[in-house]
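Colleague: These are the residues of each chain, in order.
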Amino acid sequence: MPESWLELWDVVSRNRVRTLLTISGVFWGMFMLILMIGFGNGLERGMQDTVGGTFTNAVFVWGRTASLPYRGLPANRSVRPSNAEIEALRELPGLAVLAPRNRLGGWRSGVNVVHGSELGNYQVNGDVPEWAEVQPMTFPLGRWLNQRDLDEERKVAVIGKPVMDDLYGPGEPVIGSVLTVNGVAFRVVGVFDTPLGGEDAERVENVVHLPFTTFQSAFASYRDYVGWFTATARPEVPASELEAAMRATLAERLVVHPDDLNAFGSRNSQEEFQKIVNLFAAIRLLVWVVGSATLLSGVVGVSNILLVTVRERTAEIGLRRALGATRVSVVTMILQEALMLTAVAGYAGLVVGVGVLELASSALGEGSGSMGPPSVDLRVALGAIGVLIVGGLFAGLIPARHAAAIEPAAALRS
Amino acid sequence: MIRLVGIDKTYRVGAHPLHVLKGLHLTVPPGELLAIMGSSGSGKSTLLNILGILDGYDGGEYWLGDALVKDLSERKAADYRNRFLGFVFQSFHLLPFKTALENVALPLYYQGVSRKERLRRAAEHLDQVGLSDWSGHLPGELSGGQKQRVAIARALVTRPRVMLADEPTGALDSVTTQEIMDLLKRVNAEGMTIVVVTHESDIAEQCARTVFLKDGRFEGER
Ligand SMILES: Nc1ncnc2c1ncn2[C@@H]1O[C@H](COP(=O)(O)OP(=O)(O)O)[C@@H](O)[C@H]1O
Ligand SMILES: [Mg+2]
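Going line by line, the protein sequences match chains A and B. Counting in the working numbering, the final residue of the first sequence is number 486, and the numbers go up one at a time with none missing. Counting in the working numbering, the final residue of the second sequence is number 224, and the numbers go up one at a time with none missing.
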């Protein structure tokens with residue numbers, strides 16, 4: 073029915089002020105919705121990048137100091153898991169991956185690592201190949217630790233990218249070069265990188281990984297000792313459940329009172345992850361609620377102005393009826409007007425909103441801090457268009473009913 | 003062309019029903035120029051609205067040509083109004099945002115005539131009322147007499163069977179009034195059946211026949 077759209081175009085284009093007033097509400101509603109969704113997405117992406125790649129169901133357990141005497145053992149003894157515990161924990165049914173680890177030096181302090189005349193302070197760990205299943209890594213150079221490194225107790229090392237940048241000059245060969253840790257020489261076989269950013273990257277990447285077995289025999293005080301265990305739970309198992317099971321197993325094996333909370337330290341990443349997930353969900357909900365409310369108020373605005381318009385146009389509608397318009401064609405005219413105004417206004421809001429997001433995105437670059445590049449996906453845009461069409465029809469409903477109720481005889485009496 | 007048999011109409015608003023038309027009988031032969039005269043509030047417009055199928059009636063029969071106009075469906079009523087009837091109002095009722103030409107073309111829109119053909123026929127009728135030079139002007143730029151001529155052209159553009167004019171000169175000065183009357187007489191002379199409602203006797207005197215409406219009944223004719 074291009075004719076009726078043409079007739080409609082006639083009506084709206086000759087009544088510019090009214091038309092502009094009508095569409096500005098929907099325009100703003102759509103614009104705000106798109107902006108909020110876009111920046112919400114950016115925020116979400118930014119936070120995902122920050123925690124990026126960290127496992128969502130990991131459990132960490134480490135030995136501390138017993139606080140209760142148990143079976144003749146005194147309180148205040150240090151709890152020292154041994155290699156035997158590794159095999160015992162692997163038996164746990166809810167466990168997917170287990171990665172025991174030792175660390176040279178204290179909890180927060182690193183140790184000196186020497187390469188030629190260069191020296192740096194880094195975390196030095198004894199690790200198993202399974203660690204790569206817990207912390208996603210890429211290898212710009214060389215490879216990750218493998219089982220043969222452990223079986224043969226090879227003196228090899230895999231270093232973080234920032235470690236390489238510190239200790240090596242540009243163009244200097246890295247793979248095959250020698251690093252000295254506490255007087256023991258290791259050959260570098262790989263350089264790793266992670267998708268993490270910010271502080272997390274610093275913590276995870278300023279690291280030298282050595283084979284777990286080599287570490288234990290090279291540094292005597294760690295012989296048959298495991299500093300801590302990192303494990304991931306099977307998908308169907310809550311991390312907190314695995315955490316409790318690991319603590320119980322270790323307590324039993326190491327003769328620790330079942331209620332001794334101080335004997336082991338432990339933590340799982342699920343709670344943390346859940347908090348972030350919940351935060352995202354809340355932000356998304358807020359965006360949709362506020363955005364939809366804005367859009368709805370725009371639609372109500374269109375409805376209101378159309379209603380006023382119908383009142384103003386009573387005589388016109390009466391005349392059209394006298395000239396041969398049916399009630400249906402009058403209703404159609406009003407609905408079409410509502411639909412066209414909301415659609416045009418909404419589309420304009422969408423286009424301008426996306427344009428602003430593009431600008432902001434290119435200004436922010438790859439994002440800064442917790443803010444990623446803002447964006448909307450096609451699905452959201454299509455959804456918004458759908459909402460608009462429904463909204464447009466909704467906006468036209470009440471005015472159209474008023475228009476249908478106009479009696480031509482009464483409308484023309486003047 | 004028009005035959006009314008005992009037309010009855012009562013407005014039911016508020017506590018007191020208002021019996022406006024009390025069993026009217028009227029026959030209008032084809033090609034007649036008929037005036038309906040009466041004082042204000044006598045029911046002239048009510049009668050004309052019934053003739054124009056803009057309003058219903060409570061009793062009697064209204065024949066338009068060989069069709070009984072009674073309990074018509076929405077669609078049929080709209081169709082009859084569009085094809086059989088042409089309206090002229092005291093206050094013109096032109097759409098202010100449409101040009102004279104587009105106003106004249108509007109009834110054809112509801113017949114589904116193409117835009118090009120609409121405008122062609124509208125231009126023809128605008129020419130017949132002597133306003134071809136004003137076709138591109140908005141109603142706001144026209145004088146009262148010109149507006150009414152545009153309205154007359156609009157009433158004629160569908161070549162209706164009957165033209166209904168409710169106080170067509172009520173808003174015009176005496177010189178313009180005479181011009182409009184001359185135009186109506188000319189259209190009538192070309193064969194159009196016209197019913198004019200008026201309360202001015204010098205308008206009625208120019209019509210072939212006049213019926214007088216008083217207290218809801220016809221009281222004599224000239
Ligand atoms: N829609 C209506 N509802 C109630 N009363 C009406 C309506 N239209 C007209 N009337 C009344 O009917 C009477 C006749 O009105 P009308 O036909 O307009 O008279 P005229 O055109 O001769 O001046 C008047 O008393 C008027 O108030
Ligand atoms: Mg009247």
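Calculated from the structure, these hints are not laboratory results. Incorrect hints may appear among the rest.
To be verified - Examples of chain B residues toward chain A, derived with CB under 8 Å:
#, residue
1, 72
2, 76
3, 77
4, 81
5, 86
6, 113
7, 122
8, 176
9, 178
10, 180
Positions of the beta carbon are idealized from the N, C-alpha and C atoms, including for glycine.
Colleague: Now tell me, hint by hint, if it's right for this structure.
Modeller: Structure-based check of each hint:
no.: 1; hint: 72; result: violated (16 Å)
no.: 2; hint: 76; result: holds (6 Å)
no.: 3; hint: 77; result: holds (6 Å)
no.: 4; hint: 81; result: holds (7 Å)
no.: 5; hint: 86; result: violated (10 Å)
no.: 6; hint: 113; result: holds (7 Å)
no.: 7; hint: 122; result: violated (16 Å)
no.: 8; hint: 176; result: violated (22 Å)
no.: 9; hint: 178; result: violated (20 Å)
no.: 10; hint: 180; result: violated (24 Å)
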